[in-house]
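Quick note, the sequence shown lines up with residues 1353 to 2314 if you use my numbering.
Among these hints, one or two may not hold up.
List of simulated lysine-lysine pairs, DSBU-like, C-alpha gap at most 35 Å [as the list claims (entries may be wrong)]:
hint, residue 1, residue 2
1, Lys1848, Lys2077
2, Lys2077, Lys2015
3, Lys1810, Lys1464
4, Lys2077, Lys2270
5, Lys1995, Lys2015
6, Lys2135, Lys2270
7, Lys2240, Lys2270
8, Lys1810, Lys1730
9, Lys1848, Lys1810
10, Lys2077, Lys2261
11, Lys2135, Lys2240
12, Lys2077, Lys2017
13, Lys1635, Lys1730
14, Lys1995, Lys2017
15, Lys2017, Lys2261
16, Lys2261, Lys2240
17, Lys2261, Lys2015
If you anchor each label on the Cβ, the simulated ranges turn out as follows [unchecked claim]:
hint, residue 1, residue 2, range
18, Thr1797, Pro1517, 55 to 63 Å
19, Glu1840, Gly1677, 54 to 62 Å
20, Asp2260, Lys2240, 23 to 31 Å
21, Thr1797, Arg1545, 57 to 65 Å
Calculated directly from the structure, the hints in this document are not laboratory data.
Ideal placement from N, C-alpha and C gives every residue a C-beta, glycine not left out.
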Amino acid sequence: MLMPDVSRRRLGFAVIACLVGVAVSWATSSPLGLIGPVAAVFLCVRGGAAKFLYAVLAVAILGALLAALFDAELREPAFTWAAFLALSLSLGPVVSENTPAKPDADAVRAAKSVERLTGVAWATDADGIFLYVTPSVLAFLGLGLDDFNANDDGKGFGWRRAIHPDDYEISAALWRRCLQTGEHYSVDNRMLRPAGGYGWTRSTGQPMRDGNGVITGWYGTVIDAESAPLAGGIAADAPDGSPDDVTALPPMSDVHPHDRATVEQARARAFFHGIPQVSSFRKLQADGSYQWVEFRVEPKYGTSVDIDPAVARQDERWTTASSLGETGEAVRAALAIENLYGGAWAMDASGQFTYATPTAQTSIAMALEDLNLLLDGKPFIEGGRQGWQRGVHPDDSEEAGETLRHALRTGEHWNFEYRVLRANGAYVWHRAAARPTRDGQGRITGWYGVTVDIDAYKRTEAALRERERQLQLLVDTVPALMWTTSAEGLPTYVNKPFTEVTGATLEDITAQDGSPSLSVIHPDDREAARQAVRHSFATGEPYVQRYRQARADGSYRWTETRAEPLRDASGAILQWYGVSTDIHDLLVTQEALREQERFLRQLVETLPAMIDCATPDGEPIFRSQRLRDFLGYDLDVLDGTGKSRLAGTLDAGVHPDELAAVKEKYAHSLATGEPYARRHRLRRFDGEYRWVETRAAPMRDAEGAIVQWNVVCLDIDGEVRAQEKLLSAQESLARASQAASLAELSASIAHEVNQPLSAVMSSSDACRRWLMMDPPNIERAQKTLERIIVSAHSASDVVTRVRALFKRVEDKRDCVTLGRVITEVGDLLAEEAMRRGVRIDIEGADTVLGVAFDRVQIQQVVINLMRNGMDAMEAVAGDSVLEVRLRKAEGMMRIEVSDRGAGIEFPDKIFEPFFSTKEQGMGMGLAICRSIVEAHGGQLWAEDNEPRGTRFVFTLPDEGEV
């Protein structure tokens, strides 16, 4: 196929050759005139198209020879055409060998020229297929050119593995756009580094074009960026700015063709140098004319210092060399670099400049004649001074000239940093590099180089040094011991106070294997500190540890050490920063305060009193353990109840009969500040109310204002109970003196005999009913008569036992069948219970005691309790059930008689003689019952029954001897 990059010159030659050849062939009637067109065709085709043309010519020759052999009439013209075709076939390789090489080879040569200056370069064809990448880069990445060009199954370019994942999409999208539009490619992104991890790089690419402006390939370079782009994002050089930005550039179609290189170079300088660029170009106007305008290009990344822009106006003087001499290759390399960096130059082997970017000339106000001027009439390479040295800072001029002169003489690479005088009179730092070009014999034919403005870098570096100095000063003056370690925990730094205070240097705290020796830590604390620091280094968790640290005088002081890791953007630990703070005085003071607090608390807790402290308004804020144990709850239980702590305490603890008076007294003391003193009953944790005496006094500040109430509460229940018992004894003595023994005996007999006599009367009445039936129920009547006889005997026994009780005569204990005795009592009271509508429920009728008891006395106790229960249920609606339960508990037999009556009002007084709740009662039944039970070694008491009524409980021994 025809080459897409055919030059106008070769295309014109091919057209003329074709026309002349056709004319000659027509005039001579011979095909030999077509040699010209065939040669033109071979000049314009390559690759597969040329091979196809060779095959066509070979087939045509074979056809002509066959025609000459088999047809005598066609033999002469057939041989003529065979000769023409053979000549054309032999002419093809000759023309092809002299056809210029593939245009994309120019991109490779340009890339290699750039590589000699920057160390890294690349080249691609017009479609972005990589033709060359610096071999060291491929070796580091472990990739080949095929890997770079792999499409990765349509997911992206093969070189994506070298780009940080967060930056790849933007970089790839910009590269695709540049391939389509031919725009200059400039981007900042993070790439893999040989040392590991990702680092910021600055990548740029420039298209190569033929004489028709068609892109034939791309070349570019990648250099380390000094810092991340502004705001931490990717910086990409946009081709056109916003219309609202007065410094923005118009579309390249509006720029004069001769000035487009200037605009592109300004962009490249701004991108690579980090310096704003001010220049001018001719802009297309609405009427088709061009007018000079000034523009400004800002770098796409920021710096921490203020930088003046570089000004280079194209309407100012600049010149070109009249002859390039042997420096043609050097100038071509300079032009290739110029497109990337925005500025380049070339000189001959003696040091005379043959080319310099126009922008570079105008920015320093020196044309080529000025740069090459011999200041002392002596050639530069022979030791003379050259004009360009006038634009170099006096402190740098001699060294810059000497190093360049040495490179010219030896052919060594030249690299130098120096200050250059701008046209505005300011000196700015530049970094210059130059490389020689050689002919086939290795002879130097010229030099090409680039000068990069590094003023922003130098100023930033100076600012960083100053900040580093200030930071070091801060680190060395702050009253704290600071240290750092590597990510693996190897000590890397200790500040000046650390060495002064501990007497240990970095070498002293580093073990032979590079790990922390912890030599400044007390031996007793060292192992715990070692385990903690190893855990932090292994997990990345912050390190916090307290230990005793050595001092330069040999003493140890308590120190708190904290360390935090510094991480990169990916979260990987880069370094550890630690600080050790002396807390010895703090710990000593805290320990003294704790000791004093322990003493005071022990004093409060060991006082034989319950202590309470309250705010000026009476709200409790502290209670001693004794008081908490007495009440059975802590202060925080009172929170969230809707009441104040004081109200909650009083309502829950003070006896209802004294609550109002206690509250009134408390309120009076809080309002007036007068001391508080009162006796009242306070509820203990087990529900028992105990008498206490509470006293409270205010604690005041220097101005007399109350800051706290201190309360002491004394348990005086024992004293109060003793006094009550004394009064009760006195009352009992007085009552005993009033009642004669005979009266008490009579009353007792009358009360106890009343029960069996009542049973006799009930049974007699029943017997009469059975006999009056028609016919008479003799069987039931006989059973009733038997009950009458038993009741009569019981009355007789009762009298005997009561008399014996008062005479202190030994009772008769020969019965152990307690269940049978209670069953008999149930039978005795069955008729009465039926009449009253009471159901008797007896549980444990087969119970046998392990200790003998007096059957008659215990029977009387049960009868008395059961009859009292039936009496209690007469005035209560609902089911009337009388329950009798027998059960064993802890060596005693427990007998319970429960009713569902209204309950008892005075449980503590009902067992006293002559106290009765019945209108006709004598008040002796329960007193005699308690005497009988206690005489058997048991106890009798009353308690509330659930859900209502009263439960009388008495116990009898079931084991051992009474």
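**Prompt:** Broken hints, numbered, in rising order?
**Reply:** Checked against the structure, the hints that fail are numbers 1, 13, 18 and 21, while the rest are satisfied.
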